[in-house]
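S.K.: The chain contents come next:
Protein chains: 2
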Amino acid sequence: MTETLITDKIDRFLTEVRPETPCLVMDLDLVERAYRGLAETLPTARVFYAVKANPAPEILERLTRLGGCFDTASRGEIELVLAAGAGPERISFGNTIKKERDIAWAHAAGVRLYAFDCIAELEKIARAAPGAQVFCRILVKGEGAKWPLSKKFGCSPELGVELLTRARELGLEPYGVSFHVGSQQTDAAQWDLPIERSAGMFKALAEKGIQLKLVNLGGGFPGHHYQAGGVPPVAAYGITIMDSMTRHFGNDLPEMILEPGRGMVADAGVLHTEVVLVSNRDTRTHRRRWIYLDAGKFNGLIETLGEVIQYKIRTPHDGKEAGPVVLAGPTCDSLDILYEKADYRLPLDLAIGDTVQFIAVGAYCSSYASVGFNGFAPLKTYCV
Amino acid sequence: MTETLITDKIDRFLTEVRPETPCLVMDLDLVERAYRGLAETLPTARVFYAVKANPAPEILERLTRLGGCFDTASRGEIELVLAAGAGPERISFGNTIKKERDIAWAHAAGVRLYAFDCIAELEKIARAAPGAQVFCRILVKGEGAKWPLSKKFGCSPELGVELLTRARELGLEPYGVSFHVGSQQTDAAQWDLPIERSAGMFKALAEKGIQLKLVNLGGGFPGHHYQAGGVPPVAAYGITIMDSMTRHFGNDLPEMILEPGRGMVADAGVLHTEVVLVSNRDTRTHRRRWIYLDAGKFNGLIETLGEVIQYKIRTPHDGKEAGPVVLAGPTCDSLDILYEKADYRLPLDLAIGDTVQFIAVGAYCSSYASVGFNGFAPLKTYCV
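Those protein sequences? They're chains D and X, same order as listed.
Okay, so the first sequence: first residue is 620 according to my numbering, each after it adds one.
Okay, so the second sequence: first residue is 620 according to my numbering, each after it adds one.
Hints are not guaranteed to be accurate.
One copy or two, it doesn't matter: identical chains are merged, so the pair holds either way.
[Said to hold, decoys possible] No more than 30 Å apart at the CA atoms, straight line, and that leaves these computed lysine-lysine pairs for DSSO-like:
#: 1; residue 1: Lys760; residue 2: Lys960
#: 2; residue 1: Lys960; residue 2: Lys770
#: 3; residue 1: Lys770; residue 2: Lys939
#: 4; residue 1: Lys770; residue 2: Lys827
#: 5; residue 1: Lys628; residue 2: Lys832
#: 6; residue 1: Lys960; residue 2: Lys822
#: 7; residue 1: Lys999; residue 2: Lys832
No lab work stands behind these hints, which were simulated from the structure alone.
Every value quoted in this text rests on a predicted model; they were computed, and no experiment measured them.
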């Protein structure tokens, strides 16, 4: 079942190069396919890739060649994007939490577009990036998402209207509204309410003589391969979102941007790992086999936290008799368990030294990895 | 209240050097004091510092000079210890999950002492490190610990006896027993049951003609400064543990080793961070002020997970009027919130650009930090 989820290109790389485990292998053609899929389903929107999902230079270069834009969280990410060859006009400084000196640096580098969600951030932008285009992030409920968002980001639409009004007074260009419906959002209808709210803000500001131009639809587009039962195809998101946009904005559609992270790279990556230990202790203490891998929570698989995302796993013995297992990483940390509550079953023949692949791990994997916890090196990424 | 918890040496460094935030500042004299405290309270035990808690070279060098030994989790950590000047006879390869090629490498480097908890690991050691000293980790309940351990490590004492018997047949030296009572263990009485179990294993094996020599008492020794209500002084641990040892082993005491990690370095470190944003949004969406710092879950403060460990915080406005806050890190990740459920209160005057210190962050901080999530650099460590 899982075999077809690893592309021939990745499989050939694993067979021919035999890279040391653990490592992440990304198929850039799948990234490109995801980019084109998003761009085609919402042809009037511009795609700003959320660099934090996977900042591998090869990914940024491929997207740059395709004409993509970039949502960045820090000076570090902006530097990566510029190094990949994209100009500053293709960059959004999308983090609502920025140091003033980093804003000033980005402004000097030519970045025009900045996010904010409170007055203090707006004032920083006004001082450090005079005349910049700013968009206000509003807070919406993220139901239906695997990783619903907290209240960390966003203000109420009412405050947003006040702040965007203030932005003009501060010499900035009040440019638009953004929101985020939650990561791995499987219900495209969740975009409707924040689009309605955004349209309301456009209207309220128009009455003050301020013409907003942009709706930033955020991320939330899902990876397709790690969710049991599947998720809607990307085309369905386009139809539902465009339906909301025309319903709430009429024919006078604003600029739209998307910020896919997971939806762009999740399916394109395979985590290649090795079985370090198979432990059948005794039934007095352990009901199941424990399989210890050389990748764990601290070097690639942090998204197993809470066991919400349950990756599909390929082993060399797929199809043979399987039994229940607990899966854990290689560190001495007792939190470094991947799946204990989840009911994973793996072949009884799985043995020390076998390599095993986790499917659709391209997002939030390598950059989350620790700098060297327990003395294990950060995860290496190969792009093929 | 918190002022006295930062040493003059660290304060002088912060004032004179004004290091860029965020960074971790370790006072090596406090590490030395913790080492001496542990060594004095259990003078017959050898202290093996658990390198994973903080692998800064300066810490390893100081402990090497003091005569310390090292509990290591990987080839990477062994290399760090050897580079600090300690010989391989002072190293325990204490992870029960090791690649056979790493065992072979350690054996060639002169490391003699290896942990295991199942037959497959024992067989790897027998093949890759013939003649090595091995100790078996047993599983005990970790009540009273802030971070109780999972079932990831350890077997039953009954299986341990079988495995140590098998060790001799495999040409290894069955050397001892280890256990771990859980991290930040505030109840020294928790050592009693596993010591009793260990003594039982010594006896059972003696009847087979195998004389074990070592009880590895593991870690669990607490940091003192971040727990409300305080924890017992280290001397109390020594008394209670020695009482258990003599009660269960009589006068024929085995070698003992301790593996403090948190107990050695937690109190010695201060995380120096800057306020990036103070957000008073409106009461429609947010009840409290949000304070955003340039350190968060992914660059130093991962142990705020679950908000179990509640660090004391020093601000430039301590003593002035305070109000409730939510504390969060700088990334675009909605999980990057430090304290939301916990009832933190900070001065109303706290402003963007102020520096703030987290107290007793010396353990499980820098090495856990991500390699660059959201484009933020890993945490820098300064040892003074």
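S.K.: A separate judgement is required for each hint: does it hold in the structure or not?
M.R.: Now the hints, each set against the structure:
{"no.": "1", "hint": "Lys760 x Lys960", "in the structure": "both (28 Å within a copy, 19 Å between copies)"}
{"no.": "2", "hint": "Lys960 x Lys770", "in the structure": "both (28 Å within a copy, 13 Å between copies)"}
{"no.": "3", "hint": "Lys770 x Lys939", "in the structure": "between (46 Å within a copy, 27 Å between copies)"}
{"no.": "4", "hint": "Lys770 x Lys827", "in the structure": "within (29 Å within a copy, 62 Å between copies)"}
{"no.": "5", "hint": "Lys628 x Lys832", "in the structure": "neither (42 Å within a copy, 54 Å between copies)"}
{"no.": "6", "hint": "Lys960 x Lys822", "in the structure": "neither (49 Å within a copy, 37 Å between copies)"}
{"no.": "7", "hint": "Lys999 x Lys832", "in the structure": "neither (41 Å within a copy, 42 Å between copies)"}
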